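Protein chains: 2
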Amino acid sequence: MISETHRDLLESTALAHVATVGPNGEPQVNPVWFGWDGTHLRFSQTTTRQKYRNVQRDPRIALSIVDPANPYRYLEIRGKVVAIEADPDWEFINGMAKKYLGQDTYPWRRPEDTRIVIVVEPEHSTQMG
Amino acid sequence: MISETHRDLLESTALAHVATVGPNGEPQVNPVWFGWDGTHLRFSQTTTRQKYRNVQRDPRIALSIVDPANPYRYLEIRGKVVAIEADPDWEFINGMAKKYLGQDTYPWRRPEDTRIVIVVEPEHSTQMG
Numbered sequence: 002m003i004s005e006t007h008r009d010l011l012e013s014t015a016l017a018h019v020a021t022v023g024p025n026g027e028p029q030v031n032p033v034w035f036g037w038d039g040t041h042l043r044f045s046q047t048t049t050r051q052k053y054r055n056v057q058r059d060p061r062i063a064l065s066i067v068d069p070a071n072p073y074r075y076l077e078i079r080g081k082v083v084a085i086e087a088d089p090d091w092e093f094i095n096g097m098a099k100k101y102l103g104q105d106t107y108p109w110r111r112p113e114d115t116r117i118v119i120v121v122e123p124e125h126s127t128q129m130g
Numbered sequence: 002m003i004s005e006t007h008r009d010l011l012e013s014t015a016l017a018h019v020a021t022v023g024p025n026g027e028p029q030v031n032p033v034w035f036g037w038d039g040t041h042l043r044f045s046q047t048t049t050r051q052k053y054r055n056v057q058r059d060p061r062i063a064l065s066i067v068d069p070a071n072p073y074r075y076l077e078i079r080g081k082v083v084a085i086e087a088d089p090d091w092e093f094i095n096g097m098a099k100k101y102l103g104q105d106t107y108p109w110r111r112p113e114d115t116r117i118v119i120v121v122e123p124e125h126s127t128q129m130g
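The listed protein sequences correspond, in order, to chains A and B.
If you count the first sequence from 1, position 49 lands on 50 in this note's numbering, and the numbers rise without skipping.
If you count the second sequence from 1, position 58 lands on 59 in this note's numbering, and the numbers rise without skipping.
Extracted from the complex, chain A is given alone in its bound form:
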């Protein structure tokens, strides 16, 4: 589904700019850390974020990922949110801190935050570069 030429971006520390559709059908986009297991792309959210409510209302999602080493090489993925997983022990967000910061523990943890994991199944992709 995702071109072999650009699959390395899914293993990289590039950010994914995640677009969802808001309550009035308007687009929203912001950057996130993400993980890839070969089938699904995952990112963390707190339950207070609008993106969390957006994907519960409309699971359609798009991600734009640019090669940090080459701004003219990028991947756009369109897909849908197929699961929202709990992350009670912060295992996933700590794994993201490991990937992106080289730290064992997510440093910006706030006790009042409830973290969940958005699981995306890619359905279509385009690439450039």
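Be aware that one or more of the hints could be misleading.
Put simply, identical chains are the same to the list, so a pair is met inside one copy or across any two.
In silico lysine to aspartate or glutamate, EDC-like type, Cα no more than 20 Å apart, as pairs [unchecked claim]:
no.	residue 1	residue 2
1	K81	E27
2	K52	E27
3	K52	E86
4	K99	E12
5	K99	D88
6	K100	E113
7	K99	D38
8	K81	E122
9	K99	D9
10	K99	E124
11	K81	E92
12	K99	E122
If you're looking for bench data, these hints aren't it; they were derived computationally from the structure.
None of the values given here were measured: they were computed from a predicted structure.
Here the structure of chain A is known, so what remains is to put chain B in place on it, guided by the hints.
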């Protein structure tokens, strides 16, 4: 409208990840070069691109811009497309090549392309970092 602390990103060579809404209400996102004149944000498109059709159908748009020097500093802008300008002499896209590549002429010009300029009026912004 845009926090003074993050206005420098609009003058930087960061990419903007532009989210629009597709024909079936689904989100779409991809990176673009952009310019900023203090009031409007502009980016180039060819008339064959889906993003061009999207903003004619629904002018609502969102942009995510990350500081190239600091991935934890970013700006999200929501707004609307207020004009679509012609670019018959490729003045705008050549200006973007100057900004991003330091070249006077856009190097990937294809004679068959019709280039237009999407003009965005920011209505709301959020920032981090």
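Review point. Against which earlier hints does the structure fall short, listed by number upward?
Key: 6, 10, 11, 12
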